[in-house]
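Novice: Residue numbers (the numbering used here), protein chains in the order written: chain A, 174 to 526; chain B, 650 to 915; chain C, 19 to 346.
Incorrect hints may have been included.
In silico contact screen, one side only, chain B against chain C (beta carbon under 7 Å); selected entries [to be verified]:
hint, residue
1, V739
2, Q753
3, P757
4, G761
5, V763
6, L823
7, C877
Source of the hints: derived by calculation from the structure; they are not laboratory data.
Remember, predicted model here, so these are calculated numbers, not experimental data.
Note that CB positions come from ideal geometry on N, CA and C, so glycine has one too.
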Amino acid sequence: MWSQPVAGKVPFAVPVAAARGHLRRCRSSVPSRPWRRGMLTASPSSRRLASDPAALATEHTPSRDAGGGKRHAAPSVRALLSVFAFAGALAGCRAEGPAAPGRTIPRRVVALAPNLTEIVFALGAGSMLVGVSEYSDFPEAARHIRRVGGLEVDPEKVAALRPDLVLAMAEGSARGAVRALEAAGLPVTVVPSGSLDAVLEGIRLVGERLGRREAAIRLADELARRREAVRRRMAGRRRPRALLLVWPDPPQAAGGGTFLNDVLTEAGAGNLVGDRNGWPILSAEYVATAPVELLVLPDSGQTRPAFERALSRGPLSRGPVAQAKLVRLDEASLTRPGPRVFGMLERLAEAIR
Amino acid sequence: MNDPGFLIEARGLTADYGRTPALAGLDAAISAGEVVAILGENGSGKSTFLKVLARVLAASGGTLLFDGRPLDSVPRRQTARRIAYVPQSVDLVFPIRSLDVVLQGRAPHGRGFVAETPTDRRQALDAMRACDVEGLADRDASAISGGERRRVFLARALAQEAEVWLLDEPTAGLDPRHRLEFLETLWRVHGERKTTILLVTHEIGLAADFASMVLLLKGGKTIAQGPCGQVLTAENLSRAFGTPFQARGRRFEVRSGVLPGGSLEP
Amino acid sequence: MKFPESRASRARAFAVGLLLLLAVALVAFSVGGVRLSIADLLSGRGEAGEMARMLASIRAPRILLAALVGGCLALAGAALQALLKNPLADPFLLGTSGGAAAGAACAALAGASPLVSPAAAFLGAAAASVGVASLAMRGGRLDLQRLLLAGLIANAFFSALLLAAFSIASGEAARTMLFWMMGSLADATPGKDAALAPYALVGAVILVAMAARLNLFSVGEENAAALGVDIERTKRIVFLAASLLTGAAVAFAGVIGFVGLLVPHAVRAIAGNDQRTLLPLSGLAGASLLVAADAASRAALAPVELPIGAITAALGAPLFAWLLLRTP
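With the rest of the complex left out, here is chain A:
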C-alpha cells in the first residue's frame, strides 16, 4: 500500500510519511511484480490498460491492496469495493461518450496531495481548484489556494468547500479522510501513483474527470515520449549500481514497486535494493559495505542538513558509498509522483551519462 511516499507533507514528507508506515510496511507494498514489469516494457496488454483508465483502476488497485491486505483486511476490502464502484461509474459514463451528459465539468475541485495539485495546474485547470493540501507549493499560484490539512487531511474542511470533485491518492495517510468523504457522498477520484506508468495514468484520469481529456492525453503522451527517449538513450549501457535514499539516518531507500524505482532503473541505473518492495530501512552496515557506485539524494532546505551530516560522519561517510557518484535532485520534483518527476528522470540519466 505504500507504493509512493508523498502523502502531502512535502518537501520533507517522504521520510516522515514513509517512516510512519514503517511497522506496517516491513514486507508489504506492491506485490505484483510480473504485472508491473509488463507495464514497464509496454506489452500489448499493458498498452490496452494504459489507454483505458477504468480498466487500469480495476486491475491496478486490487493488486496493490493485496500487499497491505494481510494486516488491514477490512479497510482494504472496503477501499477495493469503493474503487470498483468508482470504476463502474466511470465505465458507465464512458459508455455514454466523453461528453458525459449528466456529468458536468467540475467547477470546485479539491486536490489532497501536492502532486495532484501540480497535475491539475499542468492541465491548465488551476482555476478550478478551491482547496489543496498543506504542502501544495508548486506552481507559485498554488500557494494562494485554501489549505485543507497537511499530513492528515481534515475532511470537514474539504466538505465545507462544497467540492464537486475531490482528487486523492490511492496511497498515503489521507485514506481515512478519503473514506469519510466518500461516505459523505462527495465525488472522490482516487489517483494511482505506484509506478511511472501509474503516474501517466493518473494524469489521463485526472484529465478525464476535469473535462480536459485532450490536454491530459497530450501531456501524458509528451511525458511518455520523453521517457521513451531516455530509455533509448540509456539502452545497452552498463548500469551503475545505485541507491536512492529518501532519508539518510537510518538510511531509507526506494525499493522495488515504487515510482522512484522506475526512475532509477529507466535512467539507466541498477537499484541495489530493487528486490525489496517499498521503502526499506537499511542497516548502516549494509550501506557502508554495499558496492554503491551511484547515490541519488533528494535535495531541499529541509533534508540537506541531515544528508550533510550523514555524508560527513554518518552512515554515508564510510565505504564504497562515500566514494560513489553523488546526484542531488530537487526533492519536491523527485519525490512527488507528478509531471516534474519525468524531468528528474532526464536529469538523472544525463548525470549517469
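On the provided structure of chain A, position chains B and C as indicated by the hints.
Specialist: Just chains B and C, lined up with the frame of chain A:
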C-alpha cells in the same frame, strides 16, 4: 532518662492510617522481662500499637519512650537490633529460603544490612534449631505450612537477639498441636533470655495462662492495664468487647442467647 | 532452585554472566547483514582488512550501546520488581519508559541540545514513576492491580503526548520522535556510548548498593521497616536510580519494551532471589539479551533492519501473559 523503671512507656499515643485514626491516646507502661498480652476488640488499635513500636508506622502524637528515650530519636537500625517484630502474616511473592528469612534477623547488625559472616550463619542456624525448624533451612519459606512459617519467623526474632519481641496474633490459625509447640518454644526462649514479649491475641485464656500483664484496649485507648488478675475481670472484658462476659473460675465466657450451650470460652 | 551461598559463589555467578556477555558480543560482532571475519580484522591488510575495520567501527559502538541499554533496562526492572515485590514490574509496563521518551521528545521539540536529552528523559521517567506509584497507592500500600492500571494510563498518556508532539513536529524533529517511540540502536556512535556509560554506571552502583536492603523488602515493606531500613528513603533512592537508568537508556535508544520484565525472571529462575546476585546478574543478562536481539535485528532480514522493539516484545509479551496467568 525519664523513668528508668519502665522499658516501654507510652503516654497519649496517637497514630492513624491516612484519615482513619487507629490510636487515640494510648497509655502503657511496660517493664523489662514482662510478657504482655494486648487484648481488645477488632480495630481497637492492638496491632497498630505493635507497628508503632516496630517503627513500621510513625506515631502522629503523644509520647513513646523506649528505655527512657523517645523512640523516634533513636536511629532505626539501633532499635531494630533491640526490638523484633513478627507480623501476623506475610505474603511471599518470590521464593525465599527459610534460612535466608532467619538471616534477615541478622541484617540490622551487619554493615549495610548485609548478614553473611560465619557468626551470622551460626546464629541463624542455632535460632532455627531452638525453634525446631532446622530441617526447613533449605526449603522455600513460601512453600511450608503456616505453623512452620510462624516458627521460622520466631527463629528470625531469636537470631535478631532483640530484647523485645512484638508478636501479632502468633497463634491465630494454628492447629492445637502447632499452637502448643509454638507456645512452648516461645516460653522456653523467654525463660532463657528474659525477653520482653508483647503479644496481640484474641485468646483471653492464653493471656491468663501465659502473660504476666494485660493491656486492654478499646477505640485506640487503654481502658485497663496491669497484672492479669487485676485486669481480667468480667466487668473490664464486657466493657472492652461490648458483650457481656461471665467469670467461671479463672475462665471467662461470653453469654449467648442463641447457641445451645448458652456460653463460649474465647 | 539454587541459592548462592557466599561472596565467592556470587563472584562466580558474576563471572559466568560476564563470560556469557562476552561470548554473545563476540558472536554478535561477526553476524549481521555482512559477515565480519575476525581473521580479516586482525590481519588488517588489503581491501578485506579495510572492509573489516570499517564494519568493526560500525558494529562495535552498536554492540556496546545494546549492552549498556539492555543492562540499564534489566537492572531497573529487577530493582523495581524487588522494591514493589511485584513480578510484573517493568520500566516499560509501568510507564517509566514512556515518561522518559516524552521527556526527551519535549526537550527535543523545545530545541534543546541532544546532550540534555538524558536529563530530560530522566525527569520524565521520574515524573512517570512518582505519578504511577501515587495512582497505585491504596490505603498506604501499592496495590498490584492498580499499579498495572496506572502503568497502562501512564503509557496511554505518554504515547498520546508523543503522537501529539510527532504531529506538530516537522522534518528531523518528527524523525526523532519516531525514533523514541519505536526504539532503535541503529545510530550508535562511540560518542553516544561514552555519554550513556556514566549514567549506567552511577545507576548500577546505587542499585547494587541497595541490594541488601531490597532483600529485606522481599518479605514486605513493613518487614524491612521493622528490620531498621528507612523504607521511604530506600524507595525514593531505588525509584530515582531506576528512573535514571531507564531515562538514560531511552534517551539513547528510544523505548525498548519488556527487557526489564524478561531478564530478571530468567535470572531469578536460575540464580535465586538474592538481590545481591540478582541485580548485577540481571544487568549482565539484560546486556547479553539486547546484544543478541540487536544481532538478530541486523541479520534476520538483512539488509533491512527489523525494529529491535519488535524482537523484545515478541519474547516478552508471551512471558508477561504467562506471569499474569500465574499471579493470583
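Novice: Now, for every hint given, state plainly whether the structure supports it.
Specialist: Structure-based check of all given hints:
At its closest, the beta carbon of V739(B) sits 5 Å from a beta carbon of chain C; the interface hint therefore holds under the 7 Å criterion. Using the Cβ-Cβ criterion of 7 Å, the hint placing Q753(B) at the interface with chain C is satisfied: the shortest such distance is roughly 6 Å. Interface hint at P757(B): satisfied, since its Cβ lies 4 Å from the closest Cβ of chain C, which is below the 7 Å cut-off. Of the supplied interface hints, the one on G761(B) holds, with its beta-carbon coming within about 6 Å of a beta-carbon of chain C, less than 7 Å.
For the restraint placing V763(B) at the interface with chain C, the shortest Cβ-Cβ distance is roughly 5 Å, inside the 7 Å limit, so the hint holds. Because the closest C-beta pair between L823(B) and chain C is about 20 Å apart, greater than 7 Å, the hint is violated. The beta carbon of C877(B) comes no nearer than 27 Å to any beta carbon in chain C, farther than 7 Å, and the hint placing it at the interface is violated.
Hint violations for this structure: numbers 6 and 7, all remaining hints satisfied.
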